[in-house]
Structures are given as C-alpha cells and as structure tokens.
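Enquirer: Build out the structure end to end from the sequences listed, making use of the hints.
There are 2 protein chains.
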Amino acid sequence: MKRFKIAVDVMSGDNPPSILVKGSLDIALENKDFDLILVGNENVISKELDKFRNKTDLSNVSIVHTDEVIKMDETPVRACKSKPNSSVMMAAKLVEEKKADAYVSPGNSGATMTASLMHLRRIPGVKRPAIVTTMPNIFRHTVLIDAGANVDITPECILQFSIMGVIYAEKILKISNPRVGLLSIGNEEGKGNELSIKSFELLKNANINFIGNVEGKNINDGSCDVVVCDGFVGNIVLKVSEGVANFLMKFIKKSVQKNLFRRLASLFFLPVFADLKKKVDPKEYGGALLMGTRGITIISHGNSNSFAIKNAIKFALFCVSNDLNKYIADAFDQHDKSLVE
Amino acid sequence: MKRFKIAVDVMSGDNPPSILVKGSLDIALENKDFDLILVGNENVISKELDKFRNKTDLSNVSIVHTDEVIKMDETPVRACKSKPNSSVMMAAKLVEEKKADAYVSPGNSGATMTASLMHLRRIPGVKRPAIVTTMPNIFRHTVLIDAGANVDITPECILQFSIMGVIYAEKILKISNPRVGLLSIGNEEGKGNELSIKSFELLKNANINFIGNVEGKNINDGSCDVVVCDGFVGNIVLKVSEGVANFLMKFIKKSVQKNLFRRLASLFFLPVFADLKKKVDPKEYGGALLMGTRGITIISHGNSNSFAIKNAIKFALFCVSNDLNKYIADAFDQHDKSLVE
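Protein chains in written order, with the numbering used here: chain A, 3 to 343; chain B, 3 to 343.
Mixed in with the good hints, there may be bad ones.
Copies of the same chain look alike in the list, so a pair counts if it works inside one copy or between any two.
Straight line, CA to CA, 25 Å or less: simulated SDA-like cross-link-like pairs of lysine to any residue [said to hold, decoys possible]:
1) Lys219 - Asn305
2) Lys85 - Arg264
3) Lys219 - Glu44
4) Lys255 - Gly127
5) Lys256 - Asp283
6) Lys57 - Asn307
7) Lys279 - Pro126
8) Lys173 - Gly214
No lab work stands behind these hints: they were computed from the structure.
Expert: Structure follows, in structure tokens:
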C-alpha cells in the first residue's frame, strides 16, 4: 500500500501552533502508516516536538520551515500573491510538487482556496472547485455542495457540483445511488430563482439520481443524500445551522438555570447532550473538503483545536486512500464535454 | 377607538374549517372589541358556530359565503385568476373594499400573496411587497425580510425591504433605532454575491442604522435586529432553521430513549422543553406578514391549528391598531423618489 504524506499548516487560524502541532501528533503517533509534514516556524514547531521526542518515535514527522503567515482578515488573493512563502501557500506547493498528497489548513478559508487554485489547479473539465461538507440528519449525513466557494455561478456549475457531490456521497459516506436534491423554495418543478429553475433542467437530464427540488428543511430530515446549491446560499445554510444549534443550546442552558430542580435534572441529562455534541460538532469531522483540484485540501474551521486538527488529518487520509480525485477525473473525462469545458 | 374588522379564510390550509373556526372564535369571544368575518362555506361554518351559539354572544362574528377554495398545490396566479370567488380571494377583496382591515389565510402562500397583489395592490413607491417574519434570538427576536416573496430582485428592492424591516422592528417589536444587517457570507464589505455587494452600497448611504454584512449565524445571536436578503435566500433560511430545530429535538428524543435512566431524567426536563417550544414554535406568532400592500395580510403556516389561527388574528389586530401601513406610506413618500419609483 502506498505511504501517504499529509501536510498541515500549523501557523494559521485562531489557535496557537502548539495546539495545532499537538493535534497533528495525536494522530501521527497513533498511526505510523503515514508521514506528517508540519509547515510553519521551525523553532516554534521543534519546541513542541521536543515535548514528545524522548518519549516516542517521531520518525514519521518532519518540518517544512516558513516564517510567513496569512492572517484571518487578509484579502485572500492579494495575500497569497504577496506571501508566496506563507504557511498555507507552502503547504499547497508541497501537494503540487507531489511531496504531499493532501494538506490541512485551519486558516483564512479564502486564502486556502486561493492557494489550492494557484498551486493545485483544477482537475481537467472542472469549471469551479467547490467546498463540500456534511450536515447531520437523523439517519446519517447529508452532503452539502457548494458550501461557500463560488457565488454568481451558472447552471452548468450546479450540474458539476451535483456530480462531485454524488462521488463524495458514494466514496466517502459509502451511500449507494445517492439521492440528489436541488436546494430551492418549494418542491415542485418551476419553483425557485432563475439559477435554480435553469439548473433543474440540466439535473433532470443528467445521469444522477435526481429527486427534484428540496427545501431547507429537507437538509436535516434524511430525505436526500446530496443537496446542491451555489456557494452564497450554501455558506448561509451552513452558518444558519450553526447559529440555530448554538441558539438552542444557549436557550436550554439559560432555561436550566431558572431553578435548582431543573439544574439537577440537567445533570442526569448530560449524556444526551454529549451524544448531541458528537453528532453536530464540526470538530468531529475536522473540516470541509475543497473538491475539484488536483490534490486534497481540507479547509478546517479557524477555531480548530487539537481534536479538530486530528480529525481533519484523519479525513484527509480517508480521502486520499479512497482515491477520491481519480473518480472525479474519470467522471469529468466521461462527462459531456460541451457541459464541462 | 376605531373598531377593527378581521377576515379569516377558514377553508384553506391543511386543517379542516372546524379547527380554523375554533381558533378564530377563541379570540373573538375573548375580545369583543373587534369584528370577525369568517370567509368560507356558510353551512360548514354555521354548524361550527352552532356549538357556541347557545352559550355565548356571537354578535361580533359574521360569515361571508363562498364555495370555492384554492388548494395547497395549485399554481398561485392561475388559481387566483380562475377562482375569483375562492376564500382567499374573497378575504382579500373584503380588505380592498374596506369591509375588513386585515385578513388571515393559512392556505397556499403563493395564492395568498397573489390575492393581496391583485386586490390590495402596492403602497405607492413600493416596488415589491415582501414577507417579513421574526426569528428568535437569545434576547428577543430578529426581523427577517424577505422571507420568501421575491426572487431575482435588484439592490433597490433590498433597500426597500430594509426600510420596511426597520418599520416592523420599531412599530411591532418596539425596538428603537434597530440595527440592520445585510445577509452575506462574511462580515467585511466586499464579501458576497453581485446582489449583496451592490446592495451594500445602497444600504450604507441610506438613512438607517446599517451595521454592514451579517452571516447566517448572526440571525439568532442577537447581534442585529433586522436581517435583509432576497426571498430565495430568506425562505431557505427560514426552512433550514425549522429543519435544524426539528432535527435537534428528534435527536434528543431518540437519545433519551436509549435507557430508562435518561427517560426518567427527561421527565424532569419537560419544563425546559416547554420553554423552548414557546420560544421557537411558529404557532406562537401565528404567521408572517406581507408588507407593502394597502392592507394587512397575515400568511399563516398551512398546518396552522386553532392556537396558531388565534395568534394570527391577534397579530393582525396588533398590526392594524399600530397603523403599520401609515408608517410605510409615509416612509416611501419621503423616500428618494429615484430609488422607489
């Protein structure tokens, strides 16, 4: 079996490198079958590694040094162009040069996308790489694509996102013949905006299991496996879901504080909330995948902790070991050229 | 004080007229200061009224008879044109003819909007009437406009929605100087799609308390009072919120069933869930308001029960007694004519 190499940008994001290095080592020391490349300031990273060096074998861990970092609030394209040696650009370059198979960054997500577009470029036939993520539903998970990479797109892009979403559902979530729903404002054909109505026409003639329009409430009810939309809507869906879940948990906490009786009851209810957290916490999955470039990019949340980074690396390994990009390349190679070029 | 008249379309929606008449009477018998007009089949309604006739005074309740109904799955414009005597069209006509001040319909929401546009027409200066609704936040409620009336709109419409949203926040929610946020995919200016970026330019120069772009997670966190977006995005936001809340409650219920211990704890937790239901259940508010036409239209959920209809009528009374449309007319009269005409 091929030995995979995963690069991690440990300088970006809201948390200090120590936390990101810790999360990376949590998986690298547990799984010696892959090589971990930590990208960032060598001094800082070495100091963290020293904490483990005497206790364990770090032979599958290496460092690629850089001092430059792109901050969370920098303008992505400008920052990537002016800082070619930033940790995220270096990590993407490692994948470009085949020195790594995938990279993980918890930094500025626009910069991560830009770095991948600049260094990895698109898989032939792919018009626009898209962000894919999963949303919990009562049975398993629903794939959401595009979760934020592309705004103001054409129906052809929506068709391509559907095809990539199906590959994700089949190869990563192991769902056979996944049901694809087009996110709109009513289930009937003809409901929606110009983009969704035109996209409907393409999807119903595509070689996918298209079930028609779905509404926002269908994302979490298990009635479809892949929900496709443009990145403006997808990002809002993702953030609204996060917001509603946070609001409900805060409200419950506040309501629990009302009296001693409720506070006591809540103690017995803790395992239920732990179950829920496990199901909905994005840190359990580690990050979203940028699909459609020649390489695997995991875009982690800016506030990723050790646990999230560990899971993001696991996720990257899962994507590369399932040869995800081969399936995309094949699909777009077989795909009607008039639609993809 | 003026005596208000509220018409209720008791034939539409998922529930039978008996339930809708019951909800209407629940408020009409409690509050004798307004007149209730039940629109629908006279025989059916009379039979329901007979249940109350001997026990109480029904002098503030009247019936306007019609046999026609628009079903939930009919195409709105076609249905309204071919069924001018349908209950929803008759209810709107009562408002047009000043025989009612407002009407409530739990039917096909597209047909309700169409009926209002055909009979009530727009307040001068208003380009597009919009649906306004509220979303709970940890402190009070956030106004969401447009929640589903208009797709593929211009930045000028977004500006008008903001102005109507501010009036709603001030006059209905009693929030002074409400903070307006433009729904987008990042807080910084320049983030978003073509519509949101162009709308930002108009909003920042408008005479409102514009706080810039807000993200999906800000709708429920109390950081702004009015969230403005097009109706495609707004409807998805609304349905996603509904879906996430339903999913979380289902998940908790399922997790509670895992063992007897959790089932017992959940009993003590029931008051917390009751609090939560009160905060998030749309039936507590009764419906959404169509803003921008010459009359008050309350669009209730298709599955509205008696409790929801009762609250919808209360809400209609609150809107008319606060003279909401006068403020809209004034605002658009004073408003820059180049933007509104």
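Enquirer: So, for every hint listed, does it hold in this structure?
Expert: Hints, one by one, checked against the model:
no.: 1; hint: Lys219 - Asn305; verdict: between (27 Å within a copy, 15 Å between copies)
no.: 2; hint: Lys85 - Arg264; verdict: neither (54 Å within a copy, 54 Å between copies)
no.: 3; hint: Lys219 - Glu44; verdict: neither (47 Å within a copy, 37 Å between copies)
no.: 4; hint: Lys255 - Gly127; verdict: neither (49 Å within a copy, 46 Å between copies)
no.: 5; hint: Lys256 - Asp283; verdict: both (20 Å within a copy, 18 Å between copies)
no.: 6; hint: Lys57 - Asn307; verdict: within (23 Å within a copy, 66 Å between copies)
no.: 7; hint: Lys279 - Pro126; verdict: neither (39 Å within a copy, 50 Å between copies)
no.: 8; hint: Lys173 - Gly214; verdict: within (22 Å within a copy, 40 Å between copies)
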